[in-house]
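Participant: Sequence:
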Amino acid sequence: MPIYEPDHIEYSITDGMIGITLDDGTRLPAYWAHPTLGNRFPGAVLVHDWWGLTDIVRRMAALFAQMGHYVIAPDLFGGEQPKDNAQAMALIEQTRDSNYQQVSDALDVLRNHHQCNKSMAVIGIGMGGSLAFEAAIKREDLQAAVAYAGFPHRFIGKFAQANTPICAFYGENEPHIKSRVIQQMRQQMLESAERIPHEIHIIPRIAHDFFSTELSPEARQVSRGVLKSTFDFLDNHLKPPKRAGDRKRY
Numbered sequence: 497m498p499i500y501e502p503d504h505i506e507y508s509i510t511d512g513m514i515g516i517t518l519d520d521g522t523r524l525p526a527y528w529a530h531p532t533l534g535n536r537f538p539g540a541v542l543v544h545d546w547w548g549l550t551d552i553v554r555r556m557a558a559l560f561a562q563m564g565h566y567v568i569a570p571d572l573f574g575g576e577q578p579k580d581n582a583q584a585m586a587l588i589e590q591t592r593d594s595n596y597q598q599v600s601d602a603l604d605v606l607r608n609h610h611q612c613n614k615s616m617a618v619i620g621i622g623m624g625g626s627l628a629f630e631a632a633i634k635r636e637d638l639q640a641a642v643a644y645a646g647f648p649h650r651f652i653g654k655f656a657q658a659n660t661p662i663c664a665f666y667g668e669n670e671p672h673i674k675s676r677v678i679q680q681m682r683q684q685m686l687e688s689a690e691r692i693p694h695e696i697h698i699i700p701r702i703a704h705d706f707f708s709t710e711l712s713p714e715a716r717q718v719s720r721g722v723l724k725s726t727f728d729f730l731d732n733h734l735k736p737p738k739r740a741g742d743r744k745r746y
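Basically the numbering used here = 1-based index in the sequence shown + 496.
Honestly, the hints are just simulated from the structure, not real lab data.
Keep in mind it's a predicted model, so treat the numbers as computed, not measured.
Glycine is no exception: its CB is placed at the ideal position from the N, C-alpha and C atoms.
The reader is advised that the hints may include incorrect statements.
To be verified - Below 20 angstroms or equal to it, Euclidean Cα-Cα: the simulated DMTMM-like pairs (lysine to aspartate or glutamate) are:
#1 Lys614 to Asp637
#2 Lys738 to Glu506
#3 Lys634 to Asp593
#4 Lys735 to Glu695
#5 Lys579 to Asp551
#6 Lys579 to Glu589
#7 Lys735 to Asp637
#8 Lys579 to Asp705
#9 Lys614 to Asp728
#10 Lys654 to Glu636
#11 Lys738 to Asp728
#12 Lys735 to Glu506
#13 Lys634 to Asp604
#14 Lys654 to Glu690
#15 Lys654 to Asp637
#16 Lys674 to Asp705
#17 Lys735 to Asp604
#18 Lys654 to Glu687
#19 Lys614 to Asp731
#20 Lys724 to Glu506
#21 Lys724 to Glu668
#22 Lys634 to Glu687
#23 Lys724 to Glu714
#24 Lys634 to Glu695
#25 Lys674 to Glu695
#26 Lys735 to Glu636
#27 Lys654 to Glu695
#28 Lys634 to Glu690
Unchecked claim - Here are the simulated distance ranges between beta carbons:
#29 Asn659 to Ala582: 33 to 39 angstroms
#30 Arg701 to Lys634: 31 to 37 angstroms
#31 Pro671 to Lys738: 43 to 49 angstroms
Kindly generate the complete structure, drawing on both the sequences and the hints.
Facilitator: Listed below in structure tokens is the structure:
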């Protein structure tokens, strides 16, 4: 993978575009990646940011599959790829009312798949990180949630109610989310009555974008560390596949 060279057990995978049939009969396009080995694996729904289902998101989905997950990355924009910030914001406004439900539907589909062991994570980038927060707060059947630069603003006051362990990553030079908002989120997580083991990581030398193809070599190295922390978090909270089988270690 071009994003990360993992020191981790790695599986051979298959991947491609699929369509998820929703309860109302509509089809949600999605990228699908999973190990070819016939074990039952933990599931992960990967939610894109406001640039849509880009090559980077597909590569990340493939990477999470290589690390031993069944992965669905739903295309919340229906195949549209914004070319600039204005188009991206317009797509967010057009899909705002349906985005969370589509993420939740993707989680349901994956959880009920016969090759998923029903141990589930939601992982989101930017806008997708906000939807990961929402799933962690609203759903009771998830084991982990990861947010890269997720916008926490509309959930301030609700993080103490989260049912799912959350791992949130922010760059120390984050331009869109003030540090006081992150501190509010951290404090509310500490107030969880269930003492859920949430994590917030502030990443040095990074602004908002963790996985851009335009990162400097130094920033790429930092992003590798972010992914390693992500895998450690998922390994701690998700049920692993039952047996080793056809695996290889690099």
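Participant: Quick one: which hint numbers does this structure break? Sort them smallest to largest.
Facilitator: none
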